[in-house]
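**Student:** Position chain C against the provided structure of chain V, taking the given hints into account.
Number of protein chains: 2
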Amino acid sequence: MVRWEPGARERLVVAAVDLFFEHGYDATTVAQIAERASVTKSTFFRHFSDKRELLVAGQATLSRLLAEGISAASPDATPLAAVAEGLRRASREMGPVSRKLGSRIKAAVAASTELQERDALKSVGLAAAMADALATRGVPALAARVAAELGLLAFKQGYASWVEADGADDIGLEPYALAALDELRSVTRALS
Amino acid sequence: MVRWEPGARERLVVAAVDLFFEHGYDATTVAQIAERASVTKSTFFRHFSDKRELLVAGQATLSRLLAEGISAASPDATPLAAVAEGLRRASREMGPVSRKLGSRIKAAVAASTELQERDALKSVGLAAAMADALATRGVPALAARVAAELGLLAFKQGYASWVEADGADDIGLEPYALAALDELRSVTRALS
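Same order as they appear, the protein sequences are chains V and C.
Each residue of the first sequence is one higher than the last, beginning at 1 in full-length UniProt numbering.
Each residue of the second sequence is one higher than the last, beginning at 1 in full-length UniProt numbering.
Since the hints were made in silico from the structure, they are not lab data.
Because the structure is a prediction, the values reported are computed rather than measured.
Incorrect hints may have been included.
Note that the list lumps identical chains together, so a pair holds whenever it fits in one copy or between two copies.
Straight-line Cα separation of at most 20 Å, SDA-like style, residue types lysine to any residue; simulated pairs [to be verified]:
1) LYS100 / ARG185
2) LYS156 / VAL109
3) LYS156 / GLY125
4) LYS122 / ARG104
5) LYS51 / ASP169
6) LYS100 / ASP182
7) LYS156 / PRO140
8) LYS106 / ALA128
9) LYS156 / LEU62
10) LYS156 / ALA141
11) LYS100 / THR136
12) LYS106 / SER71
13) LYS41 / ASP18
14) LYS156 / GLU174
15) LYS51 / GLU35
16) LYS51 / ARG189
17) LYS51 / HIS23
Looking at chain V on its own, in the form it has when it is part of the complex:
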């Protein structure tokens, strides 16, 4: 039986999250991360500019996937139906490793203001990517912004529920993210 061996990039992310979790973000060095991932320091720097970038390793990919899903939605889809397509597309790329890392990432971020800031900017970037994709579909700027913020909340909320529900089941992120979007939709309707 061949054992699944993730690539250097993924090993670096897992090693970093584990070390941030065990020793704290500030006390963890690039050398320790590289050693734990069994790669050299120069391999580390081929993949990431510094240790902080590890925590948002997936931001560019995630932005692209959310935007691609929104762009690929049927032309007559409402803004929120297009957002749902974005969540579907992005969710399918989130595998068991993303799920396993979830609670450790959360703990590492909670313990470091620096990571909270980087994480907050990541959210801004994801929302902007969705808003841009919606605007390209002809959704007016303000509606695009609100729909994107709801999409971001749904993604985060869905991810949190998925991570929390981690057990023997093989269910991916998709149903969690879509359920969160549905819930946000009805909450929003009832707001004013």
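**Tutor:** Same frame as chain V, but now just chain C:
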């Protein structure tokens, strides 16, 4: 005629924003900020822990005002009506200096990733303060979260329009923030 002389804290904020704007955030030192504001370095450190904190000097106050307004809203106010009270309360404290600094702050933030991160975390904090105040009123968590995000968008949107419209008029932030909330409200209704 007595000339209005702002206190050291406000002078430090104005001096810092000007220097960030003129020389860039990275190239500006605490010593330069203190000198421009005509205070000593130790006065600087009595008010702020570092130069970055200057940009978010008002976050704690702003969070408090938004939350106070929400708490003081009539008991039967809808979540968004309560948010409107928060915006009213906070807007009244934003004077001509806040308006004058707006475009320079925007330029300084746009030019520095570090400031963008801090600014993003400030937004997270403001939204959390509003969501907490709504939850205390008995609004369910998810509805509180959405209403708070709409309130945050309205505040930012209103502030941006207010700064842009800076001219001879003496109009405060309040009508701009409330108009933005109204617009977001109707956009949100039409969303799904």
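**Student:** Each hint needs a verdict: does it hold in this structure or not?
**Tutor:** Here's how the hints hold up against the structure:
Taking CA atoms no more than 20 Å apart as the test, LYS100 paired with ARG185 passes in neither setting, with 28 Å inside one copy and 38 Å between copies. For the homomeric pair LYS156 and VAL109, the shortest alpha-carbon distance inside one copy (14 Å) is at most 20 Å, but the shortest distance between copies (26 Å) is not. Both within a single protomer and between protomers do LYS156 and GLY125 lie at most 20 Å apart by alpha-carbon distance, with minima of 14 Å and 17 Å respectively. With identical chains, the CA atoms of LYS122 and ARG104 are at most 20 Å apart within one copy only, with a shortest distance of 18 Å there and 24 Å across copies.
Within a single copy, LYS51 and ASP169 get their C-alpha atoms no closer than 32 Å, and across copies no closer than 49 Å, so neither meets the 20 Å cut-off. In this assembly of identical chains, LYS100 and ASP182 lie within 20 Å of each other by CA distance neither inside one copy nor across copies; the values are 25 Å within and 42 Å between. Taking the closest pair of Cα atoms, LYS156 and PRO140 come within 20 Å of each other only across two copies (18 Å); inside a single copy the shortest separation is 24 Å, beyond that limit. In the homo-oligomer, the alpha carbons of LYS106 and ALA128 lie at most 20 Å apart only across protomers (17 Å), although the nearest pairing inside one protomer, at 22 Å, exceeds that limit.
For the homomeric pair LYS156 and LEU62, the shortest alpha-carbon distance inside one copy (12 Å) is at most 20 Å, but the shortest distance between copies (26 Å) is not. Taking identical chains as interchangeable, the C-alpha atoms of LYS156 and ALA141 lie at most 20 Å apart only when they sit on different chains, with a minimum of 14 Å there against 23 Å within one chain. Proximity of LYS100 and THR136 under a CA criterion of 20 Å is satisfied in neither setting, with 35 Å inside one chain copy and 33 Å between copies. With identical chains, the CA atoms of LYS106 and SER71 are never at most 20 Å apart, being 30 Å at best within one copy and 30 Å at best between copies.
Taking the shortest alpha-carbon separations for LYS41 and ASP18, only the intra-copy value of 17 Å comes in at or below 20 Å, while the best inter-copy value is 40 Å. Only within a single protomer do LYS156 and GLU174 lie at most 20 Å apart by alpha-carbon distance; the minimum there is 12 Å, versus 32 Å between protomers. Proximity of LYS51 to GLU35 under the C-alpha cut-off of 20 Å is restricted to the intra-copy arrangement: shortest distance 13 Å within a copy versus 35 Å between copies. In this assembly of identical chains, LYS51 and ARG189 lie within 20 Å of each other by CA distance neither inside one copy nor across copies; the values are 42 Å within and 42 Å between.
In this homomeric assembly, LYS51 and HIS23 come within 20 Å of each other (Cα to Cα) only inside a single copy, at 14 Å, whereas the closest approach across copies is 28 Å.
When each numbered hint is compared with the structure, violations occur for hints 1, 5, 6, 11, 12, 16.
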